[in-house]
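J.: Let's have the full structure, built from the sequences with the hints guiding it.
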Amino acid sequence: MNSRRTIGSRSGNHHPELILTFGMQMSLKTKKYMKTAAFVLTAALLLQFVSAVCIDKQSQERMGYFYRYPEDSYDVMYFGPSHMLFGIYPMRIWEQYGITGYNCAGYDASMPICYWMFRQMIKTHRPKVAVLDVLNSERVDKWWDVQVTHITWDRIPFSRTKVWAVRDLFSDIAMQREYLFPFYLYHNRWKELTAQDVIRVFRPVENVDMGAVADGRVAPPDYEEDADVPQYQGTGSEDTVNIEYIRRFIHDCRENDIQPVLVFLPYMGVKENLEGANEIYRVAEEEGVPYLNMVYEDGLVDYDSDFSEATVHLNVAGATKVSDYLGQYLADTFALEDHRGDPAYQQWEEYDRRYRSAFNERAADAGTLVQCVNFLFGSANTAELEIRKGAVPEQPEQKLLKEAEEAGLLRVREVEQFSPDPDCVAETAEGKEAGLPEYHITVRDKDTGQLVAGHYYAE
Amino acid sequence: MLEIIFGKQLSMISAGFLIFCALIVFFYRIAPGRLRTAVLCAANLGFMYLAGGREGMLLLVLSLLAGYTGCLVVESTRGWMKTVWFAIFLTGIFALLALCRYVPFFLAQGGLQVPVWLPEVPGISFYTLTIAACLIQVYWGGMRAERSVVRFTAFAGFFPTLSSGPVMDPPSMLRQFRLAARPDYNHITSGAQRILWGFFKKLVISERLAVLVNAVYGDYHTYSGWYILMATGAFALQLYTDFSGCMDIACGAGEMLGFTLPENFDLPFLAETESELWRRWHITLGEWFKNYVMYPLLKSPALLKVRELSISRFGKRKGKQIPPRIAMLVLWFLIGFWHGGGLKFIIGSGLLHACLMILGQLLEPAAHRINVMLHVTEGGTLNRWFRRARTFLCLCSGFVFFRADTFRDALGLYRGMFSGNRALFSAEGYLALGLDGKDSVILVLSLFLLFALERLHRKASVRSRVSALSLPVRWTLYLAMFLCVAVFGMYGPGYQASAFIYAKF
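Sequence order for the protein chains is C and U. With the working numbering, letter number 453 in the first sequence gets 1412, and the count goes up by one each step, no holes. With the working numbering, letter number 246 in the second sequence gets 228, and the count goes up by one each step, no holes.
Derived by calculation from the structure, the hints in this document are not laboratory data. Just to be clear, a hint being listed does not mean it is correct.
[Unchecked claim] The calculated lysine-lysine pairs, modelled on PhoX-like cross-linking and capped at a C-alpha distance of 25 Å, are:
no., chain 1, residue 1, chain 2, residue 2
1, U, Lys(-10), C, Lys1121
2, U, Lys(-10), C, Lys1150
3, C, Lys1016, C, Lys1230
4, C, Lys1016, U, Lys420
5, C, Lys1101, U, Lys(-10)
6, U, Lys302, U, Lys287
7, U, Lys281, U, Lys64
T.: Have a look at this one:
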C-alpha cells in the first residue's frame, strides 16, 4: 500500500490523473504569479531607468560623487548656502593641510535646509568636524527659493530622513511629492533630453572640486551698500527659526561625536545680514561652540578683487585665501591628522591630480584675462603676462594682477609688441570689436614648466 | 506619508488611486466569500473619505441609508401609503443632492454667501441616481429590496463609480454583487490594462487638448474667429477623452474586482443623427432619464390627455408626435439642470439638443427629398461621413455653452466665431496658445492611436487581440504604453491634471 496521500484520496491510493491535474494547476497558478511579478519588476526597473535619464543632472554633478567615496572618508564636511559653496575648497585644504573634506553647501540654503542636509549626509559619512556658514540666520522663514534646492537634494536617495526633512520643510503636498519623487517634476524634461542625459546615467560626471564651485570672475563691490556694523552688535531679538535649526545642528553634532564649528564667510552685506551674523556670537557662547566671523578678519580678503558677481560670492582668489585660513584653524584647533603621504589616503592624491588637471583646463578655457589669472590661485602654475605698451587694465583686474604678482604667481612686463606664440588662443571680450590684442599670457606648470595655457586677450 | 501618496483629496487620476485599488483588489481576492462584500463596503466608504473628506463620507452614508431604508419600507407597505413613503424617501434622496449642488449655486447667483458647512461632494449627482433607481425599481416591483445593508452599500456606493459614474441599473447590476464572485487572474490583468488605457486618454490626450481650449476660452476676445472654432472641436475631443478615460478607469477597476460595469460610450463620433449620438454618449445617464423620467412621463395622465387633444386637433399622424416631443423637452431640461443649475447647462447640455433632435425629425422628410434630387446615395460612405460631420457640429454647438464660464460668455463666443481672425494658421498664432511643437506632435500621434484602436475595437476587442500575441510583443506594448503615460502625461508641478470634468457633477 502506498503511504503517500494524494489530494481527494482518503484511502491513500494513487490517483495519477488527480496528481497530474493538481500539479498542472499549481504550476499554472505559480507561473501566472511569477509572470506578474516579473512584469511588475520589469516595469519598475524601466521606470527607474527613465527617471534617471529625465532627472536634471546638476544634482548628480554636485552630490553624486559624495556617495561614491568610502563611508566616513571625510574629516570635515561643510554646510551652508552658496557663500560656503563658492567660498571653501576642500581640495585646497587637502593640498595644504592633508585634511579630507566635502562641500555639502547648497544654493540659497536656509539653516533648516542645511540642517536636514547634515542629517542626511551623516547617515553614511560621519566627519570629525562639521562646519556651518550661518548666513541669513536672522530670517524668519524656513526656505525662500526651493527650486535651486533641487540641485542639492535630488541626488540624495529616498530614505526615512528625507521624508522627515521634506515634511518638516514644506507644508504643500505637491512640493513634498516633487522632492521625494523627483520624476514627478522631471518627467516633463523629455523635450530637452539629449544623448548626454542617457550617457550620464552610466558615466556620471565627477565633481573634482569635492562639491565646491570655482568662479574665476571679478566684480567690483557696491560700496554704497556697505553697512558698517561694529563687531558684536547683533539684532537683539529672540531666536529666529533659522537660529533654532543652528542649535539643532549643534546638538545633533554632539550626539554623533562630531565637532561643530560656526562660520560667517567674508561678505559685504546689508545691515540686517551683518547684525544677524553678530547675533550668532550669543548663540555660540550659549552653546559653547567656536564661531569664526570672518567679516572682522582684517586683510583676510580684498573686497575689490576677491569676489565675483556683485560681491556675493568669493572667486578663486578669495576662496583660496579663506580656505587656507579655515584649514589652518581646523588643523590647529582639532588636531586633525595630516593624511598627505599616508598610504591609506593614496586615493586622495589621485583626486588631487584630477583637481589640478581641472584647474589647468579652466585656465586653458578662460575667456577673459581675469579668469585666467584667477585660476592661478590654488593651482600649481605660474604665468607670464605681457601687456602691450599703453594698455591699462580696469581697476578690479589691476588689483587682481597685483595680488597674483605679490603671491609669486604672475610675472608682468610691458612690451612694444608680443613675441609670437603659435600655441596661444586669440580671445576677444564678448560684445567688443576685435582689435589688436592687448595682453598675452602664458601659463606653465611650476614644477615641470609644461605649457598649460596661452591666450591673447583684447582686454 | 499617506497624504503625500493619496493627496488631500484622492483623485482617480493619481498614483494614490492605483495603490488604493491594488490594495482593495488584494484584500477582496483573498477574502472568503461572505467577507468579500464587507471588504467592498469598507472600500467604498474609505474611498469617499479620502476623496470627499468626512463630509463626503457622511453624505454618502446618509444617501445610502435613505435608499436602503426607503426600499425596505416601500416594499413592505401597500396602497396609498406605499406611494407616500416612496415620495418621502425619493424627495429625501434628491434633497441631499439639491443641498450640495443646487443650493450653493442659487445662493451664489443671488449674491449670498455659501455657508462653509455646505460641502462640495464629488460625484454626488451620480450615486444619487443609482440609489434613486433602486428605490424606483422597488416601487415598481421591478426588483426586490436588498435586505443586507452591507451589500446595498457595496453596490450603490461602489467606489469606482462614485466619482463620475457610470450610473448603474440595479436589476442587472445587483445580481453581480449578490454573487460577489472572486476575480480571477484574467479579470485582474484585463482590468489593469483598461485602467492604463484610461490614464493614457486622460493624461496624454485630454490634458494636452485642455491647454488649447483653456487658452482660447479664457481669452476669446483675443483668440476669436478660427481659434474659437478649433477650440470648440478640441473641447469635444477633450471631454470625450477625459470622460471616457475616467470610464475606462472605473470599468477597469470594476473588472479587477470581477464586476462588469455598463459602458458609457460607444464611438459617439460615428453617430449620424443627434438621437443616435445620445445613444452613444453618456449612455447610462441617457438610459436612466429615459427609464425613470421619459417613459413615466409618457404614461402620465397629463401627457395622455395632451395626446388626446393633439390627435383631435392635428390628426392622428401629427398629433401622436406631440407628446413625445413635449416629454423630450422636459427630459432634456432636466438633463441640463442635472449638469448644473445655470442657464448655460440648461441650454447647452439640455434644451439645445432637444431642439436639434426635434428639428432633425421634422426635417428628415425634406432631407430625404433633397438627397433624391441630388442623387445622393443614402447610406453611402460620403453621405455617412457628411451626416457624422453634421452631428459633430451639432454636438459642438452645445459644447460652446458647456465650456463657457457663463451663458453670456457663450453668446460672446458665438459672436466671436465670425470675426474672421485667421491668426491660428500661422506658427506664431498657434504657439501663442501654449502648446509647443513637440507637445503638438505627441497630441496628434496619440489622437491617431486613439482613433485607430477604436476602429479596430469595432471589429474585435483590442485587449483580446493583444493577449493573443506572443509574450515579448505583449509586454513590449504594455510597457510602451506605461512609459508613454509616465513620460508624456501632463501631470506634476506646472500642470494641474484637472479633476475629471464630470467629477464636478
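J.: If a hint holds in the structure, say so; if it does not, say that too.
T.: To see whether the hints hold, each was checked on the structure:
Only pairs whose Cα atoms come within 25 Å are accepted, and U/Lys(-10) paired with C/Lys1121 is accepted, the gap being roughly 21 Å. At roughly 30 Å between alpha-carbon atoms, U/Lys(-10) and C/Lys1150 are farther apart than 25 Å, so this suggested pair is violated. Under the criterion of a C-alpha separation no larger than 25 Å, the hint pairing C/Lys1016 with C/Lys1230 is inconsistent with the structure, at around 37 Å. Our distance criterion of 25 Å between C-alpha atoms is met by C/Lys1016 and U/Lys420, whose separation comes to about 22 Å.
At most 25 Å may separate the alpha-carbon atoms for a hinted pair to count; C/Lys1101 and U/Lys(-10) meet this at roughly 22 Å. About 12 Å separates the Cα atoms of U/Lys302 and U/Lys287, which keeps this hinted pair within 25 Å; it holds. About 20 Å separates the Cα atoms of U/Lys281 and U/Lys64, which keeps this hinted pair within 25 Å; it holds.
In the structure shown, a violation is registered for the earlier hints numbered 2 and 3, in ascending order.
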